[in-house]
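*Asks:* Chains as they are written, first to last, in the numbering used here: chain W, 3 to 171; chain X, 17 to 332; chain S, 481 to 1215.
Treat the hints with caution; some may be incorrect.
Said to hold, decoys possible - Under the rule of at most 27 angstroms between Cα atoms (straight-line distance), these lysine-lysine pairs were calculated in the DSSO-like manner:
1) Lys1103/S to Lys973/S
2) Lys1103/S to Lys307/X
3) Lys552/S to Lys55/X
4) Lys307/X to Lys1206/S
5) Lys5/W to Lys307/X
Note that these hints are calculated values from the structure, not bench results.
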Amino acid sequence: MTKVSFDVNGDTHQLELDTRTTLLDALREHLHLTGTKKGCDHGQCGACTVIVDGRRINSCLTLAVMHEGDEITTIEGLGAPDHLHPMQAAFVKHDGYQCGYCTPGQICSAVAVLDEVRSGIPSHVTADLTAPVRLTNAELRERMSGNICRCGAYSNIADAIGEVAGRSA
Amino acid sequence: MRAFSYTRAQSPAEAASAAAHTDNAKFIAGGTNLLDLMKLEIETPAHLIDVNGLALDRIEETPDGGLRIGALVRNTDLAANERVRRDYAVLSRALLAGASGQLRNKATTAGNLLQRTRCPYFYDTNLPCNKRKPGSGCAAIGGASRQHAVVGVSEACIATHPSDMAVAMRALDATVETVRPDGAARTIPIAELHRLPGDSPEIETTLQPGELITAVTLPKPVGGTQAYRKVRDRASYAFALVSVAAIVQPDGTGRVALGGVAHKPWRVEAAEAELPRGAKAVTARLFADAKPTQDNAFKLPLAERTLAAVLREARG
Amino acid sequence: MRFEHPATFNPIDQLKVVGHPTSRIEGPLKTTGTAPYAYERHDVVPNQAYGYIVGAAIGKGRINAIDLAAAKDAPGVLAIVTADNAGKLGKGERNAAPLLGGPEIAHYHQAVALVVAETFEQARAAAQLLRIDYSKADGKFDLAAGVDGAIAPKPSFGGPADTAVGTFASAFAAAPVQLDARYTTPDQGHAMMEPHASIAAWDGDKLTVWTSNQMIAWGAGDLAQTLGIPKDKVRLISPYIGGGFGGKLFLRADVLLAALGARAAKRPVKVALQRPLMFNNTTHRPATIQRIRIGADRDGTITAIGHESWSGNVKDGEAETAVSQTRLLYAGANRMTAMRLAALDLPEGNAMRAPGEASGMMALEIAIDELAEKLGMDPVALRIKNDTQVDPEHPERRFSQRQFVQCLNEGAARFGWSQRNPKPGQVRDGRWLVGMGVAAAFRNNLVTKSGARVRLDQQGVVTVETDMTDIGTGSYTIIAQTAAEMMGVPLEKVVVRLGDSDFPVSCGSGGQWGGNNSTAGVYAACVKLREAIAQKLGFNSDEAEFADGLVRAGNRSVPLAQAAGQDGLVAEDAIEYGDLAKTWQQSTFGAHFVEVGVDADTAEIRVRRMLAVCAAGRILNPKAARSQVIGAMTMGVGAALMEDLVVDKRHGLFINHDLASYEVPVHADIPHQDMVFLDETDPVSSPMKAKGVAELGICGVAAAVANAVHNATGIRVRDYPITLDKLIGQLPEVG
Ligand SMILES: Cc1cc2nc3c(=O)[nH]c(=O)nc-3n(C[C@H](O)[C@H](O)[C@H](O)COP(=O)(O)OP(=O)(O)OC[C@H]3O[C@@H](n4cnc5c(N)ncnc54)[C@H](O)[C@@H]3O)c2cc1C
Ligand code: SF4
Ligand code: FES
Ligand code: FES
C-alpha cells in the first residue's frame, strides 16, 4: 500500500492504495467517480479518457501512485445534468452517442482536442507541419480516433464537436 | 498483475544502480506498454522504478546543431517541437502516425523505443511463444502471421518491432545515450540498439540489465524531403502493416528505413545506393533475404509500392 | 390488447410528440457520466467483493485437475468457484455451450473458474495462480473442412433449412446469363464498448443481479434454470447497457459466476469480463461460406435464383441464417435456398446485429452487382427490374409495405449515381482510385408480445414501467413520447423506468423488434389507463380526449392530476399479435450508396461518402432512428473492410482477441453520413404503425462498399473483409 494525493475536479483526495491500482480504478472503485468508463483496460478504446494537468490520457494505463500532486479532470468535473458543459450539451443536441458508454471518454477527449488545436499541436493529417494548425473535419476525425464508439455515433460526434469549435473559435 | 513495490528515482545514476541491484526491477515511464503487459502477467516485475521525476524531459540543441531529446519527452511534445517539425519532419510524422492522442501524451521517447511486439501469440499466455517463454516454441510460425516480419526472421521468432518513431530515428541515424548501473554513460547508435531475434528473441536490445536510457540524440539536420508513410487497414489507431521513413535529397540520393517488416527498424545502407534507380531496385536489396509467410507475403509488393509512392511524392 | 386487424386512426396519429426528433431524455445523464451501468452500482448494495474469471486455455478437451492451493492462499482471496464446487448446474434454454466449463471444455476461454477477492487487483493476481492441468483433444476448427459433413439444421427462427419453388436447376442451366459465385464472411465480434458485467447479491434464497442485458426475462429465466432455483427468486436489473448488438441477448458467464461467487463468498460480488476474454468467451457472428447462383434473361429478368450457406457451431448451436433475405428480396420463378450446419468446436456462434441478413446480404448484394456487370446493366435498374410486391415463395402473401424501388430511386438521385462510370477503374482523384457502389438494404420486421405498466399520480406525472431495455436504441425516449402522446401530457411529465424483471415482461431489445413492439405495449397499457381514468370520472371512454394535461368529454374537462386522485391510477397490459404477420409479409427496405477511394499505390481503402435511404414504417423519433442507421452503417464499414476474428485452426481460438487486434472502425474511417427516411406508416405492424430500423442499417452496407471497391479498381473480392492484401497483387503497376 502506498499513499498518494491528487486533485480530482478541484477536490484533493488522499488515498492509500495498492500500488497496482490504476488511475481508472482509483477513480471508479475508490472515489466512486464512475463517469469514467472501463472499456478494455488496455489502452485500446479510449473510454477511460481523463484530463490530467491539461492533457488527455488513458487512465487505464497509468498507476494512481504515479499521480502525486496532479490535477485530474473527469467527466463529472466538466458539467452536471442540470448544468451541462457546452460540449456535453452539443452531444445531447447532435445525438453524439447511443449506448452512452464511450461518451464520457469522447467528451473529455473532445474538450482536450480543442485545446490541442489551440496550442498548435499537429496531427497525422496536418498537411503542413510548419503552418498553424486548423481544425478541419479530417483533423477532428483523426484526433478523435483514440476514442472508439462501437455504436457508430462518429458522424454525430463530429457535428457536436464542430459546433462547439465554431462557437469557441 | 503481480504485486510490486514502487519507488521514484532521484537521479539517472541512482535509478540504473537501483534497477541492477533490486531483484526483478523495471523502469516505468509512460507506462502505456509496461502496464498493458503487466496486467496480462507477460511482464512480472517485483519492483517498479518510476523515472518520471528525472529531469529528462527537455529537448536541447547540441553544439553541432543537432538535437538532444530527453528520454522522458512525451511523444506529443516531440512531434510538436518546432525544430523537429522543421528539420526532422520524418520524426514528427512518424510519431503522429502512432497510437492515439491520449497515448502519445503519456508515451515517452525511451519507452517507445523499448515497447515490445504486438504479436498476438506473445499476448496470449496460454500459447507457445519463445519471446515470452524461451524454448516454448513460436506459435506464429504456421499460425496467423499477417502482421509479422518478412525479413531478418529466425526459426525462433518472426515478430516485428511495432514502433513508428524508431523507424524515423533509424533513418535519422540517431544515437541513444544511456547510464549503466555502474554510473558510466555510453552511447549506442540506434542501428545497434535493437536486435534480430536469432535464437534468443527474448533479448530484444543491446542494453544491459538496469541500463537507463537518458536521451536520444539526432545529428545535425540532413535536409532533403522527409516523409513517413504508414500503411494500415484502418485509418488511425492501428499498427503499421508496412511503413516507410524516407529522406530524399534533390539529387535523388537519400535514406530509407522500413517499419512493420522486421524485428527492428529495417534499413540496409547498401540498398540506399539504389535509390536513384527507383523503389524496385531498393526493395530488391532490402528484401534480398526475405522469408515471408503465406499470410504476410503481400508485405513485399506493398513495401515496394509504398516506397515508390513516397519517392514519387518526394521528387514532386 | 390483441392486435388482429390493421390499425385505423388512433391517438398516436396525432403526432404531437411521437415522430418528432426529440433529444434523448437520458442524454444529460449519459453525457455527464451519471447514467449508472452494471459494474458501477456502488449505491445498490454494500460490501461488494471482486470476481475475476479464468478462461480455458485450450480449444477442446478436459480438465484433469485444478490446484487451487496457491490462489486460495493469495492475499485477499475470499472464494474460488469452479465446476467442482459450484454444485449441480443446469443450462439456460438459450445457451449452447455451458457457461462454466469443466471437466469438459467446450471452447477456448470458456470460463473455468471465478476468483473472488477483497479487491480487483487481488482477484486478478490470484486468478493467475490457479494451476490447471488440461488434456487437449482434437477439435474441429475449420469451417471449410466441415462443409462436407454439414447437416441440415432444425427449422428455427430463420425458417426451414431448405426452400424451393419451381425447378431451379433446369431454369438456371437454361438461363442465357448466369452467375455462379462463392463468397465468404468471417467470424465477427460484437465488441460492444461495455464489457459484460454483473453485481450479484443474495438475500436468503433471493438473488438480485445488476447486469447489462438486452432481454431481461430471458436472462432471469435462464439464470434461474441454470442455478436450479425458481424464477421468482431471481431479479435482474439493467437500466443502462453499454451496447449489446446481440452479444447481451443471453445469460453469460459474468451473471452466473457473480451469482455463484456471491453464494460462495457470502457477500455481493461484482464481475466484468476482461476484454481479452470476451471474444472467445462470449458469442460471435459465425463465419459463412455462401454459394449464389442466379440465372437471368438478357433483359435482366431473374429466372432462377439459388442461395446456399454453410456455417458452423458448437453442439446445440444454430446455423447462421444467411439465406433468409434471398427468400424474399427479388422476384424469380425458380428458386432454391439451403442452409447447412457444420459441427465446430470454436466458441458459440449466435446473433449479432441482423443475424442472417447481415451476412447474407454481404454475399447476395455482391452477386447482384456481378450479375448487373454480366448483363451490362445498371445495378440500380437491375434491382428495380426484379422487384416483387409479394413473397416470391408464397405469392398469396403481399408485403405490407415495400418501398424498395422508391429507396433506390431516391438514393440514386441524391447520391449522384448518374455520375458513376460503369466501367471500373476509370475515375482518379489524386492518389485515389474512386468508385461508387450500391446495395439493397433488407431486414424483416418481427412482431412479438410486449407488456408495460403505466401509472398516473396526483402530480399528473405518468410513469411507465416495463422490462424493456435501452441499449442505445432510444427506448427511453420513444417510450416517453408514446406515453406522452397517449396521455396528452408533455414529455417532461413522463418518467420511464426500464430493465427490471419486476416490471412487466416486454419484447426486449433484439432483432430490431424493440422499438415497435415495446411502444405498442406501452400503447396498450395507456389505452387501459385512459379507460380507467374515463371510468373513474364517469366519462364515456370512447369520447374521452386526452390533451394538454386534461381529460375532456363533452363539455367536461378534468386535469389528469385531479383524475388520478391521491392513490393514483395504474394500468397494465401487453400488446399481443394475431395473424397479421402470417397474412402479410412485413419487412423493412432501404438502399445503400457508398463512394470509396482506393489508394493506387498501397490499395488502402477509405470510405469517402455514404448515403442510406430507408423505408421502415413510422419513424417514432427521427433523430434516434437516424443514429441507429448511421451506427449500423458504421458497423457495416467494419464488416466490409476490417473485422475478422482470425481462427487459429491448430489451437482452436480467435487469436486476435482484443480491441487492438480486432479492428473496428474509428472516427477517421467514417465520413459524414447521409441518411433519409421515406414517409411510411404500416398499419399492419402494430398500432404504432412503426417497424424496426436498427438492423436494417447494417444489411447491405458491406456489399455496397465491396461494389464500390470493384467500381474503383475492377477487382472483385468475394472474401470479406476486403483488406489491401486482397487487392495489391491485381492493381496496375506503378512507376
Ligand atoms: C492501443 C495501443 C496502440 C498503439 N499504437 C502504436 C502505434 O501505432 N505505433 C507505435 O509506435 N506505438 C504504438 N503504441 C505503443 C506506444 O507507443 C508505447 O506503448 C509507448 O511508446 C511506450 O512508452 P511508455 O513511455 O509508455 O513506455 P513504458 O510502458 O513506461 O515502458 C516501456 C518499456 O521501456 C522501459 N523503459 C521506459 N523508460 C526507460 C528508460 N528511460 N530507460 C530504459 N528503459 C526504459 C520500461 O521498463 C518498459 O520495459 C500503441 C500502444 C497502445 C496501447
Ligand atoms: S513471433 Fe516471436 S513473439 Fe510471436 S509467438 Fe513467435 S516467438 Fe513469440
Ligand atoms: S479502458 Fe482505457 S483505453 Fe479502453
Ligand atoms: S455510444 Fe455506444 S459505444 Fe459510443
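*Asks:* Does each hint fit the structure? Answer for all of them.
*Replies:* Hint check:
1. Lys1103/S to Lys973/S: holds, 21 angstroms
2. Lys1103/S to Lys307/X: Measuring from Cα to Cα gives roughly 53 angstroms; hence the hint is violated.
3. Lys552/S to Lys55/X: holds, 20 angstroms
4. Lys307/X to Lys1206/S: holds, 20 angstroms
5. Lys5/W to Lys307/X: Status violated; Cα separation ~52 angstroms.
Checked against the numbered hints listed earlier, the structure breaks hints 2, 5; every other hint is satisfied.
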